[in-house]
Structure formats: structure tokens, C-alpha cells
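Go by the hints and put chain B onto chain A.
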Amino acid sequence: MAKGKVRNRIRELRAETGGMTQSQLAEAAGATRQTIIAIEQEKYAPSLELAFRISLAFGVPFEAVFSFEP
Amino acid sequence: MSWTEIRALGSLIIATWALWFLQMRFLDGGQVVDLPPERMFSTYLSVIVVTIIGEILVTIGISIVGVVLNSGTVESADFEDERDKQIERRAGIISYWFLIVVVNILALRLIQQEIYTSSVFAPLAIASTSGIVFTLLAVLFAAHIVKMAAKLILYRV
Chain A
498 MAKGKVRNRI RELRAETGGM TQSQLAEAAG ATRQTIIAIE QEKYAPSLEL AFRISLAFGV
558 PFEAVFSFEP
Chain B
326 MSWTEIRALG SLIIATWALW FLQMRFLDGG QVVDLPPERM FSTYLSVIVV TIIGEILVTI
386 GISIVGVVLN SGTVESADFE DERDKQIERR AGIISYWFLI VVVNILALRL IQQEIYTSSV
446 FAPLAIASTS GIVFTLLAVL FAAHIVKMAA KLILYRV
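Line by line, the protein sequences give chains A and B. For the first sequence, the residue numbers in the working numbering are 498 to 567. For the second sequence, the residue numbers in the working numbering are 326 to 482.
The hints are simulated quantities; they were obtained by calculation from the structure and are not laboratory data. All clues given are correct.
Below, simulated DSSO-like cross-link-like pairs (lysine-lysine); rule was C-alpha separation at most 27 Å, straight line:
id, chain 1, residue 1, chain 2, residue 2
1, A, K540, A, K500
2, B, K410, A, K502
3, A, K500, B, K410
Computed from a predicted structure; not experimentally measured.
If we strip away everything but chain A, and leave its shape as in the complex, we get:
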């Protein structure tokens, strides 16, 4: 089975929400800053729970942050 890629708009959303820092997002989502960096650079696909936590931190629906590229 071909591996898909989880895309995200974290960088844009951080800029849109008044320049939220990676540390602030990490704090809000309950992750480390390194994990946020890895997710933002699409080197790491978060679990469903963390993905929802990130969406909640931005106050937007899940699909506004993450998308799947088959």
C-alpha cells in the first residue's frame, strides 16, 4: 500500500493568529516544541489526539489544519 502524507497549515495558522510561537502552541497542545517543529516541517505525523489538540489550540476545525495527500 502506498504511503500517503499528512499535510498541515500550522505555520500559516500561527502567523494568522497573531504570530503564535511554536512554544506557545506546544504548551497549548501538550507537546514539546521539537514535536511541533517536526509536525510543522511534515517530518512527523501526529496522533489523532494531538492533531485535535492542535486544532483546538487554534480554535479551528480539524480539517482547517490537517489534510491527507494519498
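Below, chain B alone, put in the same frame as chain A:
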């Protein structure tokens, strides 16, 4: 570099020192020398005590620095999220396979030198008590080094 990476680096340095110390005591010209039991025990005790104290100091040091630098944030020095746990698990698997490969190579090499008396390789003389103690400890520390190195690499890829 995250706190988890710093801790892994500290542990890697301690294990590397332990392996170096063991080979200094047990090896001479690449061959295991027969150590008197008292010297073997003092070597074993030195390695175990220093590595335990070293690990404790690294953990305490990182916790103290972490509390000072990250006070009031979720990212304390002890905090591990899902990616940290995933990397820990993957590094553990790599280390496990390293252990399996090394033990099998040693076993095959010992069997092979029993079958064929002449070999292009230097004889593996680890049948003595010194040889067994050195091999067990060296493989253990080498596996730990592999695990810590794998962790450091996995954090960067």
C-alpha cells in the same frame, strides 16, 4: 536540542566511557587477559557505580536546569510527549536487533573456531571468566550506546 536529546547524549557519553574503561582493563593487544577475581570485581564495581551515579547526575542536572529555564511551561525536563515515546520505542528496537546480531556473530564465530582450527581471523578467546565478564558487559554497554545514538539520530530525521 531538547532535554530528552541532552539526556540521551549524557547517557551515550557515560556508556562510551564504561566501554572504554572495560577494554582498558580487560584487553591487551585485542585479546582478553585473565584478570585476578579481585581486580575483575573492582572493575565491575567501578563501572556499575560510575554509570549509575553518572546517570543520576545527568537526570538531576537536567531536571534542575529544566525547572529553572522552563518554569511554568508544560515542557519541563521530565516531560515526554508521543513523539519522544515513539523514538524511545524505535531506538529500543534498533538496540534489540543490534544485540541479536552481535550475540549471533559471537556464537557463530566461537562455533566456527571449534570446527576449523586454522582461521584468517584472530582467535576469539572469551571462554575464560574474564572473557565472559568482558563480553557480557561490553555487549550490554555497546547495545546501550547504539540505543542512545539511534535516539539522537531519530530526533534529527
